[in-house]
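Starting from the given sequences, assemble the full structure and let the hints guide the process.
There are 2 protein chains.
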Amino acid sequence: MIRTRSSSEIRDASRREVVRALVVGGTATRTELARTTGLSAATVSNLVTELREAGLIADAGIDNAGSGRPTTMLRIDGRGGSFLGIDVAETYIRAVVFDAAITEIGAADVDVDEEWQSIDRIAEALLSAVAQAIDRGGRPAGELLGAGLGLPGLVSNDLRGGASTPGWAAHIRELEERVRPHLPAPLVTANPLQAVGHSEIWFGAARGRSTAVVVNLGTGVGAGIIVEGRVLRGATRSAGEWGHTVLELDGRICRCGRQGCVEAYVGVPGIRHTLGEVDPGHPLLQLHQREFVQGLRDAVADPAVAETLALTARYLGIALSDIVAVLNPEVLTLTGWTAWALGDDLLPAVRAALAERAPELTAARLDLGVSPVRINSVATGMAVLSFEYYLDSRALARRTRPRTDPIPALPVIAPAASPTAPQAVAG
Amino acid sequence: MIRTRSSSEIRDASRREVVRALVVGGTATRTELARTTGLSAATVSNLVTELREAGLIADAGIDNAGSGRPTTMLRIDGRGGSFLGIDVAETYIRAVVFDAAITEIGAADVDVDEEWQSIDRIAEALLSAVAQAIDRGGRPAGELLGAGLGLPGLVSNDLRGGASTPGWAAHIRELEERVRPHLPAPLVTANPLQAVGHSEIWFGAARGRSTAVVVNLGTGVGAGIIVEGRVLRGATRSAGEWGHTVLELDGRICRCGRQGCVEAYVGVPGIRHTLGEVDPGHPLLQLHQREFVQGLRDAVADPAVAETLALTARYLGIALSDIVAVLNPEVLTLTGWTAWALGDDLLPAVRAALAERAPELTAARLDLGVSPVRINSVATGMAVLSFEYYLDSRALARRTRPRTDPIPALPVIAPAASPTAPQAVAG
Ligand SMILES: [Zn+2]
Ligand SMILES: [Zn+2]
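For the record, the sequence lines run as chains A and B.
Mapping the first sequence onto my numbering, position 260 (from 1) lands on 260, and the numbers just tick up by one.
Mapping the second sequence onto my numbering, position 373 (from 1) lands on 373, and the numbers just tick up by one.
Everything labelled a hint here was simulated from the structure, so no lab data went into it.
For clarity, every value in this text was computed on a predicted model and none was experimentally measured.
Nothing false has been slipped in among the hints.
To spell it out: a stretch of chain A is covered by chain B in this simulated footprint if at least three of its residues, at any positions, have a beta carbon under 8 Å from a beta carbon of chain B; those stretches are:
no. : stretch
1   : 225-235
2   : 247-256
3   : 327-341
4   : 354-362
Virtual Cβ for every residue (Gly too), placed ideally from N, Cα, C.
Structure, rendered in structure tokens:
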């Protein structure tokens, strides 16, 4: 059963390809779409007709450039609907509304450093961010066709204790169930690593590739794994927890409670730890998180910083070689603030460690670099995932009938129980 | 392109499902096949017709047991063809001929400890094993419909130097090209880890599962990775080299030349190393390979052996937790002689280490055990892979026309250059 795909699943996959080709490419003729997607001209034509009826594809003028007769250029109709991507991170929740062309039309952040003591508080913060983003987008909430929620997986700043606390996964599930009824569109969820994987498939280094790995480097680290062009979710939807694989048996204590995890060496606190070992009195140790990373970047000539970066690159290269050995991907792309800030400084030594450590050929043939997707990668990934979900046959079939049901208003959330709760949600 | 599958690919996948259901289940009615495979009755009926014409399916009597009208039971016709699986291991080459029901009909081993100094010698040994296996199978070589060659990947006993030698992969490719023209059927290749993955999909713990990992524990260790029911090959066909991921930064020297690899702790030489640390004068250190593993098994009550097994189980559990964290599989199955001999002794402590180390839920939901496939797992995996390859539309379409081309004889190999070469190939 796992190997056979029904014709409606194939049609779903083909439809996603056509939409993705137009979202990414901007405009295309039917012939160009067939070439880009590898689908037959007849299939493309049928899908275009269906998507036009659903209001998602519009004409974009006539192409006279070719030698043949003029053909109609197509584009995504941004007004055809909107999609919401929500990034529940450790210190903030970001909601971003995109139009159907995946152009950002409204975004809002709410800080949640203190709110993690209570699922209620987090749910309020989340719905507040959503309401603000929808408001800024200027479209009625009822135009939302889908919402995607990126939820932290193993490690988080978390109901005090995180993944090592039994029941953390249940808390996350509870948050999901708490907010679901209050969102004005069907909800899909994934962990942030998987979300970033979706961004890379649509817009980044994994486009058109079969096997790819997207490694996120920030406070936490992890990997979005793409096999046969799809993001691997795993049996309990936590695939990609490369950050908590072992780099050093009985090594540094990781904030997940285990010892020797990759994250304890190449997560931002891990890099601080390394600098502290190199020079315990270094002034950059006063800084944390992004400020610390920025500080490293501004001081690469400082010998202690240079040594720290060399050690970090070695740790990272060895840890990446593990994922390369296991998955042998075509592409490995680095993302997250550490990658964006320090990628150029780290990459040569990372490459050297990979070449030394990964199995023969796997490193030589690997396309390694820093991701071109640098803004809202989790929110974008969740929005495109919700778009894919929407595009499945049944949701779209409902859409092609004229919409007669009243557009639901965004529900008013009960007033916050705590005076320090984030701003009240717009009604 | 990677996401869309053509209708002929779907038909290929469906055909594989029907054949596999009959190979594994023995007999079934069309209705039962539809239920087992999830295919429509019409699809099953079409495929059965096609496979009967190709001589691969025969009637197996009438089923009167049901309440409805009697229906025809079907089975694979073992005489419909044969398939060859070849296991190129470090100390031997084994060739096994299976009939179309994947029943072994002939097998032969040739030792190759000394032959690894020359590709010519290995090629001779390989073709000698093949000729003997075909001869013992008692079917003309021309009845072979496919051959599968499992070739060592990263580490081997190797043209002196193995994977750390640049060009090892080229040597393996050279061996493949050397023997290909002399085999009497189309050849597919994979590494042994991937071969074992195919065995598990057909006959083992991965049957009907989406994501599964088969971990091979012997002299070398590695993993066959199954995602969405298919074996992951990787960009340079070396996915699964988990044995050379890092367990301890700057740890034990591995025979691949790197430091701290998983294999250096849980491969057989690694377990010997651990026993040597526990008790440098232990008598079991006189033994090697299978004899050493058997010796451990026979002496589990010995305190030094017990401590060695406890340490090994901990190393193994931590190393497995890495693959569980990254892939979050439904199933993890252990195979290879260490697993068969020591699995029952190791599993409780491995489970404990996994529960402690792997991300929440991933270990709790994991189906962990020792593989039920215990004989010829590489050769069987390569034979079923060659069967799958044969079943693809074009090969089968050629078959449904009556065969009129003369059956090619197995070629005579040029006499061995060295007097110690294996026995000459049967003409
Ligand atoms: Zn950790
Ligand atoms: Zn190694």
